[in-house]
Amino acid sequence: MIKKFNFYCLILLAIIAFSCDESEKCEITDLSAVVQDKKVSVNISVRSTENIKQYNWYFSDSFSLATLSPSVEHILTHNGEYLVEVEAESVSGEICSLQEVFFVNDSSIVRDTCDVDISNIEIDQGEITADATIEGSYNGAIFIWDNGVDDYDTTLVPRYETEYALAGNYPLKVYYTQGGCQDSAIKYVNIDEVSPQCGVGKIPLPNLEGSKISFPYSSNEIPGNPIFSFDFGDGTPIINIETSYYEHTFQEPGIYRIKVKLEFENGQCSKERIFIVNIKDEVNNSSNSDGDFQQNTNDSITVLNYEGNPQFEHLLEGLNNWSIDEIVFINF
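Each residue of the sequence shown is one higher than the one before, starting from 2 at the first, in the numbering used here.
What the hints contain is simulated information worked out from the structure, not anything from laboratory work. Glycine residues also receive a C-beta, built at the ideal position from the N, C-alpha and C atoms. Hints should not be assumed to be uniformly reliable.
As the list claims (entries may be wrong) - Listed below are the simulated DSS-like cross-link pairs for lysine-lysine, each with C-alpha atoms no more than 30 Å apart in a straight line: (1) 260 - 188; (2) 262 - 272; (3) 272 - 260; (4) 262 - 281; (5) 174 - 272; (6) 260 - 213; (7) 54 - 40; (8) 203 - 262; (9) 260 - 203; (10) 213 - 203; (11) 260 - 281; (12) 174 - 213; (13) 281 - 203; (14) 188 - 174; (15) 272 - 203.
Unchecked claim - Here are the in silico distance ranges between beta carbons for each label pair: (16) 174 - 69: 52 to 62 Å; (17) 30 - 78: 26 to 36 Å; (18) 141 - 272: 37 to 47 Å; (19) 279 - 130: 40 to 50 Å; (20) 67 - 122: 22 to 32 Å; (21) 51 - 130: 52 to 62 Å; (22) 125 - 38: 19 to 29 Å; (23) 140 - 332: 56 to 66 Å; (24) 130 - 253: 51 to 61 Å; (25) 76 - 51: 25 to 35 Å; (26) 140 - 64: 45 to 55 Å; (27) 122 - 252: 53 to 63 Å; (28) 38 - 102: 36 to 46 Å.
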């Protein structure tokens, strides 16, 4: 029984020893690729050359070569990123391999094509990302994008991001230059829906003339069917309209808290702003009108230190989480 056990152990040890010995015969320990201009020099190190039959070299530009030497040189005709793979083939037919990535960026190489294309277009409501694709290296390439709504952007990387405010079909263009290369490409993108774009919409600063306060038109178009609501804090009904322009006349002097809210019909987002206005003048009984609007001056809008001030305590009730730029004091 003991002899049988020792026999099996010897067989197992022999298998292990044979496996380890075979794996070490052709194992490549190191590979380096050194690029000078358009020439790459590739060198490898192996544990032993005693049982090596040959080295097989494969470059990603379809060039291949078999040598007895553990080094090789190759001339590239295009700039760009390349892969080299070398196989060490033993006399017993065993093969082990190693790979390395290298880059060629030689100014003397003249490209035979300067084509650019637009790919990987992704649309999320009004937001778009796209890639400009060219052959070879992107080093030194400049891309000028036109999203079809007079918005130009110059990038040094192929990735482009833009956002459309309105639904529609738009020409997306890219102009490309790199050294002596110039080309352009165009793709049409269809925007079925746009996001409410809270970052686009703004609640403008009002103008105060006596007891009349006027909110101007928004300086830019706001997509997503915006609704402005005005609560003037004087007991008058809350006004809900589709524009930021509105005029209101206070009937009594005093300090009022005006709350203006901008939201969208789809309910995806909203923003609010508080204006605390001091009506000092005598009552102006004229009704609201659509007269000419005059921009406010810095003298009539002031941001005060309202924390702990009893004069504003009742006006600031429930506004503990508001930032200083969301609360504006007027005529103090």
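Hint check against the structure, violated hint numbers in rising order
1, 5, 12, 20, 22, 26 and 28
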